[in-house]
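Here is how the chains run, residue by residue.
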Amino acid sequence: MAAEGGGRTFDLSVVTPDGPAFEGEAEMVIVPGDAGEIGVLARHAPLVAMLKAGEIRVKAGDEWQSFAAGPGYFKVQQDRAIALVDDAVRAEDIDIEEARREAEEARAALERAEAGDEEIDRWHMEQRLRHAENKIAVAGR
Amino acid sequence: MATVQDIKRRLRSVRNTRKITKAMELVAAAKLRRAEARIEALRPYADRMRELMIGTARATPSRQFALLEERDVGNVAILPITGDRGLAGAFNAQILRRAFALEREARGEGQTARWVVVGKKGRSSLRFRRYDVAEAWVDFTDRPEYSDAAAIANKLAELYTEREVDRVVIVYNHYESALTQRVVVEDVLPIPRTALEDEEEKTPYEIALEGDFIYEPEPEEILKRLLPTYLETSIYRALLESAASEHGARMTAMRNASKNAGELIDRLTLDMNRARQAEITQEILEVVAGADALTQ
Chain A
1 MAAEGGGRTF DLSVVTPDGP AFEGEAEMVI VPGDAGEIGV LARHAPLVAM
51 LKAGEIRVKA GDEWQSFAAG PGYFKVQQDR AIALVDDAVR AEDIDIEEAR
101 REAEEARAAL ERAEAGDEEI DRWHMEQRLR HAENKIAVAG R
Chain B
1 MATVQDIKRR LRSVRNTRKI TKAMELVAAA KLRRAEARIE ALRPYADRMR
51 ELMIGTARAT PSRQFALLEE RDVGNVAILP ITGDRGLAGA FNAQILRRAF
101 ALEREARGEG QTARWVVVGK KGRSSLRFRR YDVAEAWVDF TDRPEYSDAA
151 AIANKLAELY TEREVDRVVI VYNHYESALT QRVVVEDVLP IPRTALEDEE
201 EKTPYEIALE GDFIYEPEPE EILKRLLPTY LETSIYRALL ESAASEHGAR
251 MTAMRNASKN AGELIDRLTL DMNRARQAEI TQEILEVVAG ADALTQ
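Those protein sequence lines, which keep their order, are chains A and B. Under our numbering, think of the first position of the first sequence as 1, with each following residue one higher. Under our numbering, think of the first position of the second sequence as 1, with each following residue one higher.
Everything hinted at is true.
Derived pair list, reagent style SDA-like, types lysine to any residue, alpha-carbon separation capped at 20 Å:
#  : chain 1 : residue 1 : chain 2 : residue 2
1  : B       : K224      : A       : L47
2  : B       : K19       : B       : L87
3  : B       : K120      : A       : H124
4  : A       : K52       : B       : P217
5  : A       : K52       : B       : R225
6  : A       : K59       : A       : V40
7  : A       : K75       : B       : E220
8  : B       : K155      : A       : A109
9  : B       : K155      : A       : R130
10 : B       : K155      : A       : R122
11 : B       : K155      : A       : A113
12 : A       : K75       : B       : D212
13 : B       : K155      : A       : L129
14 : B       : K224      : A       : M50
15 : A       : K75       : B       : F213
16 : B       : K155      : A       : E114
17 : A       : K75       : B       : R58
18 : B       : K155      : A       : A106
19 : A       : K75       : B       : P219
20 : B       : K155      : A       : E126
21 : A       : K52       : B       : T229
22 : A       : K75       : B       : D47
23 : A       : K75       : B       : T60
24 : A       : K75       : B       : Y215
25 : A       : K75       : B       : R43
26 : A       : K52       : B       : P219
27 : A       : K75       : B       : E51
28 : A       : K75       : B       : P228
These are calculated hints, taken from the structure and not from any lab test. Predicted model only: the values in this text are computed from it and were never measured.
Generate the whole structure from the sequences, applying the supplied hints.
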């Protein structure tokens, strides 16, 4: 007999404003909750949680897939889980050189803003830096 | 009368213009298809977000959130969403016209307008009229990213919560088709209460079916962050609609320009043939007259 919950799947979507990053059956998903990682198997109790920027890991079939995701929300309902995040890039699609470059540019812009350049939107640059750093962290794993 | 040389020169110039307008039409058409796809791609996210917000609002009685707070309006922020470039028919002009009408309305009610703007066209118009622009976002209107919308939403929320303005309206082109764009005025702050309610009243049974959710953290905390996300999504949708409208308007404008150039070319070709014919006739007359003079 299979172990409890083993092999059982549920519907999972990882959705961003630019479309779904993952859609399909999953056995397990681990998301970066605000208060710590949340792991979900099939038949999980209904849940709504906030997510911070980090890594979303999905076990579909026999393999694990990994995404660098921005902050967002997570909802589980009747064997259906949805992660709504403002950005999600598959780990193997991350161009680490480009991510480093983005981080560099954002850092430089923040320094200029620090020096008094008012044309730069600081908040925007901070977000960009955080995104780039998150991508670098996930790809380096 | 223009000589054949003159007409030839004009023809060459009009032909070159048509080459440019044709190319711009094709580019706009390609960009329009992409922009349409991005509006489609946003829909699932926006719908699920809204569901989540409605559900969370149901779980918490509190409505004491900064972005929901309705106040007497003293200052109103007007955000026209224009493009960075022209050559798109009435696309920019109709947005600005409506925005200025809104300002007059606000003034008529004793309110003061504060300007924030998206797009170089809008920014230069406002500066030309010597309006004080609190913030301008430029250089992305033909391909807006979610992070652009997030930056705008963040600034608007800041203006609102620091009580610099008591109402925020956005004016943008809603994309209907390549031929028609409709100017829409939308209140984004305070966030309308209806955004937290289902369009159709749900029965307690339906609500019970959705299950008893565990909220992590408390629903109130989640709602507090969902409201700004909702604002970001509304702005992002408006930016995408506006981008699609801009490409549609440019495509149509350039198609008309190409058509006009074509008609002009036809007419000039006719003129040129006529002028050439006249020249030849003139030459024959001169030869004949010369020959006549010799034989006499």
